[in-house]
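Number of protein chains: 2
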Amino acid sequence: VRNLVALDSPKHRFFVPPEEVGDGDVQFSAQQAHQLANVLRLAAGDRVRVFDGRAETDHVVEITRLSSTAASGSIVGDIERAAEPTTRVVAYPALLARDKFDQVVQKLVEVGVASIVPVLSMRSLVRASPNARRRQRWQRIAQEAAEQSGRGIVPDVEEAVPLALALTRAAGCGVVLFAYEQERELPLRAALAQVRGRRARVVSLFVGPEGGYEPAEVALARAAGASIVSLGPRILRTETASPVLVAIVLYELERAGHASRP
Amino acid sequence: VRNLVALDSPKHRFFVPPEEVGDGDVQFSAQQAHQLANVLRLAAGDRVRVFDGRAETDHVVEITRLSSTAASGSIVGDIERAAEPTTRVVAYPALLARDKFDQVVQKLVEVGVASIVPVLSMRSLVRASPNARRRQRWQRIAQEAAEQSGRGIVPDVEEAVPLALALTRAAGCGVVLFAYEQERELPLRAALAQVRGRRARVVSLFVGPEGGYEPAEVALARAAGASIVSLGPRILRTETASPVLVAIVLYELERAGHASRP
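Quick mapping for you: the protein sequence lines, in order, are chains A and B. In case it helps, the numbering used here puts the first sequence at residues 816 to 1077. In case it helps, the numbering used here puts the second sequence at residues 816 to 1077.
The reader is advised that the hints may include incorrect statements.
Note that the list lumps identical chains together, so a pair holds whenever it fits in one copy or between two copies.
Stated by the list, open to error - In silico EDC-like pairs for lysine to aspartate or glutamate, Cα to Cα no more than 20 Å straight-line:
# : residue 1 : residue 2
1 : 826       : 973
2 : 915       : 893
3 : 915       : 895
4 : 826       : 996
5 : 826       : 1067
6 : 915       : 861
7 : 826       : 917
8 : 915       : 959
None of these hints come from the bench; they were simulated from the model. Given the structure is predicted, the values throughout are model-derived calculations rather than measurements.
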């Protein structure tokens, strides 16, 4: 383990997968080389910040070789960064039209989600399972948001699944909260008090599509053991509701401060 | 006062200023007439929901006369709606480029802000004070968001003001929270505990532009009595930070539930 040294924090931050981070060397992707050389106009000798999704710290990396298509650097030290939340919040947003879902992915990553599972529901305006290119696009958006927001990991954007399957999967992992605007019985606050009591390590959050969930879908969620929660007196657009809900859940559950991961 | 009657809630909801709501009659604007007749394709006899920004309930209005340019209706009863927050949260977001600020206005209204004051700051990419047309556009976005999210008022989008003026004004109204990503001393949670202790009725929230605030601006805020708060370990885009911050403030301060306005 490298010692933490007193280093200025470089401005630009990149994710490099662990297999490209050797003991002291970092191999950037061709796309990052283009970004470094042609967009940011950096040169050999300049420093950037790198995280690999595993280490508890960021690496300060000095660029050693740089062209438009290839770049590498060497690690000159490590630098502290904020810890990831101790609670893993898995978001299950209903699939939305292109631009809106891009926004949802970006904002969910910023606010601290652990992973994202797009959900196909009855009233989703988007019915077909997204193709590989669309998933790659979401994963790229997630990576950029993780780089910019100072995350320690790049949350996965997984394959879209039908609601029933998503519920079954979530129910096996911990507490499941299912936002439903018609709900009047269980406010989010009460649900989160229950979550705290159960010391859940994984919280799964379902937010519906523009038209909301069908009553049959809510019944399905209830049967799967989900807590049906109200987001409060104001009706939020679905692309607002997902990030706001995750932010409030982490605000409420990370009360003890952001301890380092156990 | 009309009695609350058992009525189905009409799907579409409109703001009509109080001067256009007579004792039993409602006069829609020309733009709303177009919306009712040509977009929603409603007809005389159909019902909509109307709020006027003053009454504690929504009116159920039956359309009596409708053309593409003029529409009126009569109130057939009143229907409950969620109360406005007891805490007035005034948002002071730094002015952003067109699309982003439109988004900020829309989402701030959804999550429950009382009014919005755009702020001109040193690093704002937008320097010039917005023209009247742009303000009208924001006010229209605020109205649409209020209609759709079930608000009881349409928050005002006020004239843009320089940061120093905004701080002076906010300091005269109650508690002022100034979000600053370099802040490490006062987490939002601690600031909100102080706010609860002071039983503030008005909370003013400042969120900076893309490049953040200049240290001189932060010093100005401190001198004006603002609490400089950290939004937590993750760095949020400014258009994410404003609505998330307001949502958390209302979540934290409206603990007693949404009591009716005093």
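Structure-based check of all given hints:
For the homomeric pair residue 826 and residue 973, neither the shortest alpha-carbon distance inside one copy (30 Å) nor that between copies (35 Å) is at most 20 Å. For the identical chains of this complex, residue 915 and residue 893 are neighbours neither inside a copy (37 Å) nor across copies (35 Å), given an alpha-carbon limit of 20 Å. Taking the closest pair of Cα atoms, residue 915 and residue 895 never come within 20 Å of each other, the shortest separation being 33 Å inside a single copy and 31 Å across copies. In this assembly of identical chains, the alpha carbons of residue 826 and residue 996 lie at most 20 Å apart only when taken from different copies (14 Å versus 41 Å within one copy).
For the homomeric pair residue 826 and residue 1067, neither the shortest alpha-carbon distance inside one copy (31 Å) nor that between copies (34 Å) is at most 20 Å. Proximity of residue 915 and residue 861 under a CA criterion of 20 Å is satisfied in neither setting, with 36 Å inside one chain copy and 32 Å between copies. Within a single copy, residue 826 and residue 917 get their C-alpha atoms no closer than 25 Å, and across copies no closer than 28 Å, so neither meets the 20 Å cut-off. When the C-alpha separation of residue 915 and residue 959 is checked against a cutoff of 20 Å, the pair qualifies both within a copy, at 17 Å, and between copies, at 18 Å.
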